[in-house]
Structure formats: structure tokens, C-alpha cells
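Visitor: Based on the provided sequences and hints, a complete structural model is requested.
Protein chains in written order, with my numbering: chain A, 1 to 265; chain B, 1 to 313.
There could be a bad hint or two in this list.
[What the hints assert, rightly or not] Lysine-lysine pairs mimicking BS3-like chemistry, simulated, CA-CA at most 27 Å apart: (1) A:Lys-264 with B:Lys-17; (2) A:Lys-89 with B:Lys-125; (3) B:Lys-211 with B:Lys-122.
Treat the hints as calculated values from the structure; they're not laboratory data.
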Amino acid sequence: MMDRKDLSQAWTVAVYEIRKYLRGRRLLGMLILLALIVGLLLGLPKALGQPYPSDPDRFVASFAQFASILIVLCGVLFAADALVSEHEKRTGYFLFPNPVRRETIVVGKLLASLLASGFIILLYYAAAILSALVITGGVTGAMGLSAAYALAYMASVVGVAFLLSAILRGTISASVLTFFLFTLIFTLVDGLLNAAKVSPWFVPTAAAGIIGNVLAPPSPFPGPGGGVFTAFNPDVGASLAVFAAYFLVGGIVATVLFRRRELKS
Amino acid sequence: MTEDPIVVRELGKDYGKFTALSSLKLTIPDGTCFGYLGPNGAGKSTTIKILTNLIRPSRGRAQIFGIDVQRRPRDALRRVGAVIETPEFYGYLSPRETLAYAGRLRGMSRADIHARTEEVLKVVKLANWSDERIETFSKGMKQRLAIAQALLHRPDLLILDEPTSGLDPRGMAEVRDIVKALKREGHTIFMSSHLLGEVQEVCDAAALIDKGKLVLQGTLAELAARAEASAFQAMFLQAPSTEDLAWMRGLGGVKDAVASGNGGVELRIAGGPETQAAVLASLVSRGLRVTSFRLVGTALEQLYLETIQETEQ
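Guide: Okay, here's the thing in C-alpha cells:
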């Protein structure tokens, strides 16, 4: 269990991690990307002469479908190198001989990752909801739910990124694997399970469907051979449990591995 | 009862089948400046990394002020300042911010951090660089910063792993002066080095480790007394003949005499200054025109070389 001193040290670690994101321009990079996505979503329909959806939920749903990629990039930039860099860049020689538990360091870094990623996601949703209010004149509770689900998915991505950061030897491999795991590998597994008619409820990218579905439920569309195909519609409770499991298991195993890992080089 | 700053018992570390450290037993008393000598790969850094909880021992235990480092690392490291190898720092921070980070992790107050930061940056001569980003720093500057962060919280025990590594000769001398000043203030210092002169200049006692095993330990005077001989370089106006060399080998106290080129002879002389003076007088009285006669290897160096050779055999 963490005592008051541990919590104070974890906060100190978090503050300096956030300073890293600020000085390393990662936060700025994410803000620029966020502005680009928002700009494209608002500017492209106008430029192409297409009308915006008149329904506020459907309007925000177009933003929600890009939330996943933003979340994965947050995991890559704010979490994937958090632990491995202390070994690879030898900064552990400065940090570890201080009277601070390794668990406390992980908690501090995790807190910083969640705060920075959460800030980006909330800012993105704030832009989407504000745009919906201006353009469609409506704001609904579903938008808040979608944002909450996005934050829950974000926590699972951060947990897995921390796990990879504790397992792998290099910052680049941890970052690349985190990115491809959530953009390619999990999606591939999701697709294969769907094709085999197995419910992919336990795959986080499939469970992340709740982020968009709460705004615009999936509708059946024509499938091969004249049939009707309905995309996997994840259950909200199960999906939130999946996110929690990935976050907790990822975070706990990362902590155990980080604690056991020796600074040899 | 005051606990000894460092107590190590049967400490061992294996990396697979390779034993980096074998049954080490050491006690460093309070107020001692202790040199930890050995060639590269002897096990010095392994010992220091175990003491600072960077790696776990395979067996045995290490205590700092009576607290087991592996079981209670946070408590054990509270009174320790450490410089391990040449640490890297966060390039996006300045020295002032780095010291504030270390100070906050150690629970120091803002006022104390501020005051001590000014002091220690002056000590390591980084005051003019206190607000520059570390990413632009040289290895030597990072080494100075490492020493500054080790001193920040006024530690009772300083653990220094090759503290002059990466420094230019002037920087090395300055670090030695800092260590000597800390020693005068009563700090306990445990310093690894492969530079014998450095240990001889600043330490009271030393241990020699080779291939993971402790081979010698004692005060510097005790260790010097165990050395068989000191090495001297005698230079002559004309190179001595083979007969002269044979004659030199027969002189009292001379263990060996070998021509070293350019009219020089390397003499290994056992005994103290009296014997050395008598050897010099004999050379002169034989009519050999001596141009210089100087110590090239201290007794500690000789002991080091002899001991390392023995363990290699």
C-alpha cells in the first residue's frame, strides 16, 4: 500500500513527466493533430458542399470515429516509452538511487500519462460538442457518455502501453508495437473472430465500438451473397469491464516487471 | 548504538553462469573514506549497484546504517548520496530543475532545495549553467551535476562509482578536492576507482577486489606495508652495462633491476626511504653518473599489480 509520502513522490514524478511532454513538444504535437482533425471534420463537408448531419448525436459521431486513433497516438506518445526510457537512456542511474519505490515511479508516470491523454481527449470532445451546439443547436447526454467511454478506452491503451514499456528493451520498439497493436493487430483479430462468428467482446478495439455506438447505433448493411451484415455491437458493461481489465492487468504487471528489472547496462 | 554505514555479508551476484561477485564481506566504519579498487570488470560496480538497489544480489545481504537495502530500499537510501557511473539526466531539464526534482523526491522543503541548489552548484562549478538545458552538456558537466545531486541533501554516506570518470585532469583534481573536503566534514565515503593515485590521495582505507572476490583490505598504511617493493626509475648519463645491472641486483633491498631504454634502469626496491637512499648512494659511489632517481610506482601500486597477477595465475 502507498502511504502519504509515496503519494507525494508519485505526484512529483507525474509533474516532471508532464514537463517532459511539454518540453519535448509531444503535447504540442498532439494539439496540432487534434486541431487538424477538428479542422478537417468541420472544413471538408463545407468545402465539398456536403451538409452537416442535422442530428447532434450523428454530428458528434463523425468526431467519435476518429477518437480511437487519437487515443492510440496518446498511448504511443505519453505512455509507451515511460518505463523503458529510464533503462535505455540511463536516466535510471539518476532516478533509482533516490529513496523512492519503483511502484511509486510507475504510479507517477501512469498518472502523468492519464492526465495528458485525458486532457487531449476531453479537449477533442469539447471541440466536437461546441461545434455540435453551434451547427446543430443541440447537446445530448450521449455525447458525455461517448467521451466517458473514450476515456475508459484510453485507460486500457495506456495500461497496455505501460506493459509493453516494461517488457521491451527499447523505446522505439515499445512505441511501434503499441501503435500497431491497436491499429492493426487487434483489428485483425477482431475481423478474424467476426468472420469465424466468434464474438470479439474481449478485444479492446472491438469493445471501443461503444464510443461511437452510443451516438449512432450500428445499422445492418448488405453483406456478401445478398445477405445482411450487422457489425459487432459491443455491450457497454462488458466493454467497460474489458477496458478496466486491460488497464489494471497492464498496469499491475508493468509495475511488477519494472520493480524486478535490474539496471545493468 | 550507531550502525556502521555499510555492512556487506556473503554478498554474491551471478549473471547466468558468470559470477560477478562472490561472497563479499565488507564493513565500512563511520567517518571513513574507503577506496574500492579493482580492474575493470572486477565487481566494483556490481557491489555499488546492489548497495543502491539498482540490481538484486543472488545471495547474501547489504545493509546501510543497519537497514537491509533489498528489503527496505526507501529507508536505506534516505541518508545516501550516490554517483553511479556517469548517469544521464533528463535533457529537457536544467541543473536547477534536476536538483529540485531530486530534492522533492527526498522530501526537502522548497527553501532548503533552493539554498542547497545554489551551494552545490557552486561547489561543482556549474553555477553559471544552472538554467541551461542539460541536453547541451558534456560528459564532464553531467558528472559534476551527478556529484551535485549526490550532495544536495547533505547525505551521511556518499557512494561514488568512479567519480572522476569522464573528467579532464583539472576536473579530476577538483572532484578529488571536493571528496577531501567532504571527508574533512566527517562524511563517510565509499568510492570505487581503478586509479590508485586517486585512492591514495583521498582515502584512509581501501579494499582490492578482483574477479568478484575481495583479495585485500586494510588501511592505506597497512596495505603499503604489505607491498614487496616500490618501483624507481634511475636515469644515467651513460647506459649501465650488463655487469652494472647484475651488481645492482645484488644491492641490499633491490629486488630487481631492468634496463628500460634511453640509459634508464627500473629498480624495484623493498624497504623504506633509508634503503632507497642507500641504493642511490651506492649507484653514485660506483661511479655511475645518475641524472635522476624517481619513484614511478608506489607501494600500493606494486601491491595492486602483484595481487592482480597472483589472481590471474
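Visitor: Each hint needs a verdict: does it hold in this structure or not?
Guide: Hints, verified against the model:
no., hint, in the structure
1, A:Lys-264 with B:Lys-17, "holds (16 Å)"
2, A:Lys-89 with B:Lys-125, "holds (25 Å)"
3, B:Lys-211 with B:Lys-122, "violated (39 Å)"
Consistency with the previously given hints fails for number 3 only.
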